[in-house]
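Undergrad: Once you've looked at the hints, dock chain B against the given chain A.
What follows is each chain in one-letter form.
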Amino acid sequence: MKKGQFILGVIVTNHFGVLTRVSGLFSRRGYNIDSLNVGETEDPTLSRMTIIVTGDDYIESQIVKQLSKLQDVKKVELLPADEAVIREHLLIKVRVTNETRTQITEAVNIFRAKVIDFTAEAMTVEVTGETTKLDAFIEYVKNFGIIEMCRAGALAVYRGTKSL
Amino acid sequence: MILTGAEIIVETLIEQGCKTVFGYPGGFVLNIYDELYKRSDRIRHVITAHEQGAAHAADGYARVSGDVGVVIATSGPGVTNLITGIATAHLDSVPLVAITGNVPLSMLGRDSFQEVDTTGITMPITKHNYIVKSAKDLAKTIREAIRIAKSGRPGPVLIDVPKDVQLQTCEYLPSEKEQPDAYPRADAAVIEDIVQLIRESKRPYIYSGGGVIMADAAAEVMRLAEMIDAPIGFSMMGLSAVPGDFRYNLGMTGMHGRYASTKANAEADLVLAVGVRFSDRATGKKSKYSQHAKIVHIDIDPAEINKNINAYLGVSADIKSTLSAVIEKLTPERRPEWMAEVEKYRKEEASCAPRDDSLNPKVLISHVQKYTDVNTIIATDVGQHQMWTAQNYCHKRPRRFLTSGGLGTMGYGMGAAIGGSVAAGGERTVLFTGDGSFGMNLTELATAVSNQLPIVVIVMNNGVLGMVRQWQTLFYDKRYSQTTLGRKTDFVKLAEAFGAHGFRISELSHLDEVLEKAFSLNSPVVIDCLIDQDEFVFPMIPPGGSIDDIIVKQG
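Taken in sequence, the protein lines are chains A and B. Start counting at 1 in the first sequence, then tack on 708, and there's your number in the working numbering. Start counting at 1 in the second sequence, then tack on 615, and there's your number in the working numbering.
No wet-lab data here; the hints were simulated from the structure. Glycine included, C-beta positions come from ideal geometry on N, C-alpha and C.
Each pair of labels, with its calculated beta carbon distance range: (1) B:N925 to A:I741: 19 to 29 Å; (2) A:R867 to B:L928: 31 to 41 Å; (3) B:Q729 to A:A828: 55 to 65 Å; (4) B:E786 to A:G738: 42 to 52 Å; (5) B:K977 to A:Q713: 51 to 61 Å; (6) A:R867 to B:Y1091: 55 to 65 Å; (7) B:S966 to A:Q713: 52 to 62 Å; (8) B:G735 to A:D790: 36 to 46 Å; (9) B:L928 to A:D790: 23 to 33 Å.
Pulled out of the complex, with its shape left as it was, chain A reads as follows (with noise of 0.2 Å):
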C-alpha cells in the first residue's frame, strides 16, 4: 500500500446499477478511485467490492459514512494493511527475441508469474501479488518491450478467520 492509501471492503447487492452509484458517490463527493474489483460473492444476491482509494483522515471516515447511506450497501468496512492479505493481478505482453528469451523467462521464475501465452516474437505473462511486486516486475521487463498490459484493481480479505 502506498502512503495515504485505505483499503475498503464493501458487500452490495447484486444489483445492475450498484457499481454506479458507488463510482457515482465517489466523483460527486470528489474522492479518487485508485482502483475498484467487484464480483459476487458465496451468496449470489450480493458483491463484494474492494476498494482502494487515496485520501485523508477526513476523506475516509466521510467515505465510509457516505457508502453506508446507499441502500445498496450492506456493509463497509476499513480493511488495516496489517490485518488484510492483498493481491492484484496483472497480465503483461512483453516482446521477446532469442537474445532475451531466457531473461525474461528467468524473471518469471524468480517473481513466481506465470507464462501464459507464448509466440517466437511475445510471451504473456500472469503476475500475482502485492502492489509492489507487480510494480517491481513491470519495471523489470520495460526494457524488453512492454506490447500491452492489464492490471485488475486490488482484491483484500482480513488474514485469520475474520470476515466482513
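TA: Positioned in the frame of chain A, the structure of chain B alone reads:
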C-alpha cells in the same frame, strides 16, 4: 386479486394512506392516470401547470403534513422538469416519492421518443431510486420507497415504471402502512457527557435546525433552553420550530442571520447543535466558527457528524429521545451573566432596525403578520424577500414555513404554497416572493385558481434581482450585470388574467386597506408591492467571513 401494474401503483398509494398526489399526465403514464380517474373518490390528483410546480407542491405537502409527498410525471421532459423539485427536496431532506413513466422495456436504451435515463439522471439527487421491471415488484417497491423516504434523515425516492410494466398483471395483496425504521438512541454514557458539558458551560447556545422539526423535538428544545438559560438560534430550515416570541428565541443565525443570534453563536462556550448540517451559509468561515465553543452535534445522519464542522462531541441519534434524556438528568441552571450579555446583543440589534415610515420589507412583513394566525402557512421563494421573511416573520408553530434552504430554488414558492395549502385542507397561505422569483413559476397561479386555494402572493417588486444586485453593489463595484429587469409586467392584470385577484401597493398608507381586502377573499390574490431597489438585506456576513466582518446596516 389480480391487477395491472397501473392499478397496483394507485392501490398501493391509497393503501399507504396517500390522499393527494400532484402531477401531470403524459404518454407513458396514461394507464396510471386512467386508474386515478377510476379512483378519484379515494385519491385526489392536483394537476399543476408544469411538472416542476408539481414536484414543489408535493414537497410543500410533505413539509406541512409531515407525511410523504407524491408526484407523478411522464417520461423524458416530464422527468427532467421534476429535477429541480427533487433536488430541492433532497437538499432540504423532504420525504418525497416521485413516480415516473418510461418507454416500454424493449424500447429502453434506444433513444426512443420521450426517453431519458431517469434513474441515471436522478441518482445523485435522490436518497434511492428504482426502475421496476416487473409488475410483481411494484407494490413492494412503492412500500419500500415510502419507508426509505420517511426513515432516518428523510429524502426523495424515485420509482421509474416502464409502460409495459404498468400493463402487466399480477397478484396484489394489500398491506399495512409502512412505518419509518426505528430511530437510534444515544447511549447513557453519551447523555451523561452532554449533561456534564452543559454543567461546565457558562454560555450555552442551542443551534436548532430542520431536523428538530422532522424529529418533532421542538418542545424538547424549548424545555432545554428554559432549563439551562440557553438562547436558541436557528438555521433557516429550523426557523419555525419555536414560536418567534419565545423568550429564548434569537431567530436565524448565519450569513443573513439576526445580529443577536449570530453574535451569541460566536460568543458561546458551548454550542448544542441539533438537527443541523452546518451549511456554509450558517457557519461562514469554518475556522472562525464558534471558536471559543465546544460543539456538541446531535443529528440522525452519521455522515453529518464532522462533515463540515468538527464536533467536540458527535452524537448520531434521534434528537427527541436524546434531548429528553438530557433534560431528565438536568436540574434548572440559571446563568444571569450570559442572559444579560444576550440582552445586550438584542439591544444592539434593535438599534440597527430600519425606519418604519415607508413601504419597506420589514414593515410589509409585520403588517401581513397581523392578518395571519397560528395555522397560516408561510412560503417564500429565494432571494432578498426570503431573507427578510426569515429574519422578520414571527413564526407560531412548526411545519408552517416553506422555503428552499439548501438548493436555494427561485420558483419554489408558488408550487410549495399550493402543496402546503392542500395538505392543510385548503388553509390560508401567504407566499412572499420577489418579482424575479415569481416570474419563474407564476404559471402555477392557474393551479391555485383552479383549486380555489386562499393563497395571498405578496410580490416584493423592486424591478431588479435584488439579492444579486446587493452582491453587485457590495462586491462588484455596482456593475449591475443583467439584474435590472426593466420588465413591463403588470402583476395586477396578470393576476386577473389567471382568474385571481390583483392589487398594487405603492405607499404605506394603502397597505392595510389592501391587506384587509386581500385576506377577506377566499381565493388566490396577488399583491404587487413596490419597494425600493436598493433595500438591502442586513445584517450580512460576507461569504467566507465571520462575526468580525458583519455588516449590520446600510451605508
